[in-house]
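Engineer: Here the protein sequences line up with chains Y and X, keeping their order. Each residue of the first sequence is one higher than the last, beginning at 1 in our numbering. Each residue of the second sequence is one higher than the last, beginning at 1 in our numbering.
Simulated from the structure, these hints should not be mistaken for lab results. Hints are not guaranteed to be accurate.
Unchecked claim - Listed next, the in silico PhoX-like pairs over lysine-lysine satisfying Cα-Cα at most 20 Å (straight line):
(1) X:Lys8 <-> X:Lys94
(2) X:Lys301 <-> Y:Lys43
(3) X:Lys294 <-> Y:Lys46
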Amino acid sequence: MIEPLYIRPVIAINDFLPIFVSAAFILIFGLFYAGIVTMIKMKKMKKVYYILAYFFWGLQIYCTYFLTMTIHSQPFTVKAMIVAMIAYLSVPHIYFYLITKSEQRYEN
Amino acid sequence: MQGQSNFKYEGQKLASWYFTVAMILFGAQLLLGLVAAIQFIYPSFLYGILDFSIARMIHINALVVWMVYAMIGAVYYLLPDETGIEVVGIGIAKLLFWILTLAVTVVVLVFIFIQVGAADIKTIWFITEGREYLEAPRWADIGIVVVVLGFLANTFLTAIKGRRTGIMTVILSDMIALAGLYLAGMFFTDNISMDQYWWWWVIHLWVEATWEVMVGALAAYALIRVVGANRKVVEMWLWIEVAMLFGSGILGLGHHYFWIGTPEYWWEIGALFSALEPLPLVGMFVHVLYDWGKENGFKEKAGEDTSSNNTPALLWLVSNGFGNFLGAGVWGFFHTLPQVNIYTHGTQFTAAHGHLAFFGAYATILIAMFYMAVQGKYGIKKLRATFASKMAIFLITFGVVGMGVALTIAGYEQVLIARAQLGATWDAFFIAQNQTWMAQAMDWRLIMGVVTTVGFFYLVKDLLSISKNPKNVY
C-alpha cells in the first residue's frame, strides 16, 4: 500500500496580504512598463519617460522576487520567474519592432 | 433586435437570432445569480423549491451557454463580411439554431422542475450528468456535438468557398480545438483524479485557451470595423497573441492539477506557464489602445472626424482590454501559484476571479458584437452612445467589479480563518461562514448583483431602442 503524502506549504498568517498585494503589483507594474513604452512609441510621451518605464519594470522584478521568497517557492521556480521577468524587459521592444516593420511593409 | 432588417446576408440575420437568445440567457443568468446570492444571506429562501445547488448550477450553465450562443452568433455575423459570400448551407444553419434552442429550453426546464434523479444511468441520460459546469444530460451532450459539427461544416465550407483572411483562419483552427475539447468531458473514469484530469481539458482549455483566442479574433475584427484599423497590422498582432495564448494557456492547465492527485511535476509546469498567462492579456490591452490611438492620430493628421463609427461597441471593446487584464490577469495571478492555491482553492477568491474574468474577458467583447449587429441590422453609418448605453456600461461594470471586491474580501477571510488558522476542516468552513466580514461581504455581493441587473435592463432597452432615435444615429 502506498503511504499517503501530505504536503502543505506553510505561509505565515501575516504574509497573506503582502502575497496578494505583491502578486497584483507584478501585473500592474508590468502593465505600466508596457503602457509607458507604448505611449513613447506612439509619440504621446517623451523619451525621457523611459526612465519611469524601467523604474516600474524594476519594481515588478522586486515584487516577483518578494512573492517567490514569501511563498517559499522551489529554487527552480524562483529562477524561472526571474528569467521570465528579465525576458519581459524585451517584450514591448520586440512587439514594436514587429509593428514598425509590418507598418513599413503594409502601409508605406 | 427584431424589426426591419438591413442585413445583406442571411448569415447575419441568423447571428441576430443567436444574439437574441444569448441576451435572454444572460438575463436568466443574472436572475438565478440573484436567487443564489439571496440564499447565501437567507438560506431558507426557496428551500425545497429551488435549492442553492440548483440555482448556482443554472446560473453558471446559463453563463456558459449565453456566451457560446453569442460566440456562434459572432462567427455567423463576421463570416459573410470576412469571406464576402453568404453562409454555405444557411438553411441547415437555421435548422440547427432551432434544434439547439429547443434542446437548451428542455434542459433548463428539466433542471428547474425535475432537478435530480436516482443514481443510475437514466439520470445521466435524461436529467443531469452531474459534473460541475457540464451538467447537461447525455442526450443533450450528443445533440450539442451534432449541432457543433453542423456549425463547423457551415463555417468551413463558407471559408473554403469565399475569401480567406487571417481572422477567419484563426477562427477556423480555434473552432476545431473548441469542438474537439468538448469530447473530453463526455466520458467517465472510476478514478476521481483521472476523471478530473480530463474534465479540466474542457473547462480550462475552453476558457483559458480557445475562448481567449476567439476573443482575440473578435477584437481584431471589431478594431477593423469600429476603429478602422489596418487589417494587415491587426492580423499580425492576432498571430502573436494566438501564439502567446496557446503557448501559455495550454500548459497553464497545470494550475488545476496542483491538488487533485496528479503527479507533482504539475506544480512546476502549472506555476511557470500560469505565470506567463497574463502576458498575452497585457499584449491585447496594449494592442487595443495602440490601434485606437494610431488610427485617431492618422485621422487628426488628415483633418478627419476622429469619432468611432460605433461608440457603444468601442466603449465595450476598451472595457474588454481593461477587464480581461484585471479579471483574468490580476485576479487569476492572485492564486495561480501552488503554494497560494492550496489556501485559496474553492474559496470565494475563485468566485471573485470567475465573476471578473468572465465579465472582463468575454461579456464585454460579446456585448460589443451585439452593438455591431444592431448597427448592421439598421444600416447605421455612425452609432452614438445614448444615456442608456452609458448607464448600461457603468452599472454593469460597477456592479461586477463591486461583486468581485466583495467576494475577494470574503475569500480573504476564508483563507485566513478557514484555511490558515483552522486547517480547512468541516467545522472551519462553517466558522468562517459565520464571521461578520463574510456575512457583510455577501450582503454587498447581493447589492452589487442588483446594480448589475439594473445595468442589464438598461442594456436591453438600449439594444432595442438605440436605432429608433435619430439623435443617436448619423
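Engineer: Given the hinted pair lysine 301 of chain X and lysine 43 of chain Y, is their Cα-Cα distance within 20 Å?
Structural biologist: 14 Å, holds
Engineer: Next pair to validate is lysine 8 of chain X with lysine 94 of chain X; report whether the Cα-Cα distance is within 20 Å.
Structural biologist: Holds, at about 16 Å.
Engineer: Is the hinted pair lysine 294 of chain X and lysine 46 of chain Y satisfied, with a Cα-Cα distance of at most 20 Å?
Structural biologist: 16 Å, holds
When held up to the earlier numbered hints, the structure conflicts with none and fits them all.
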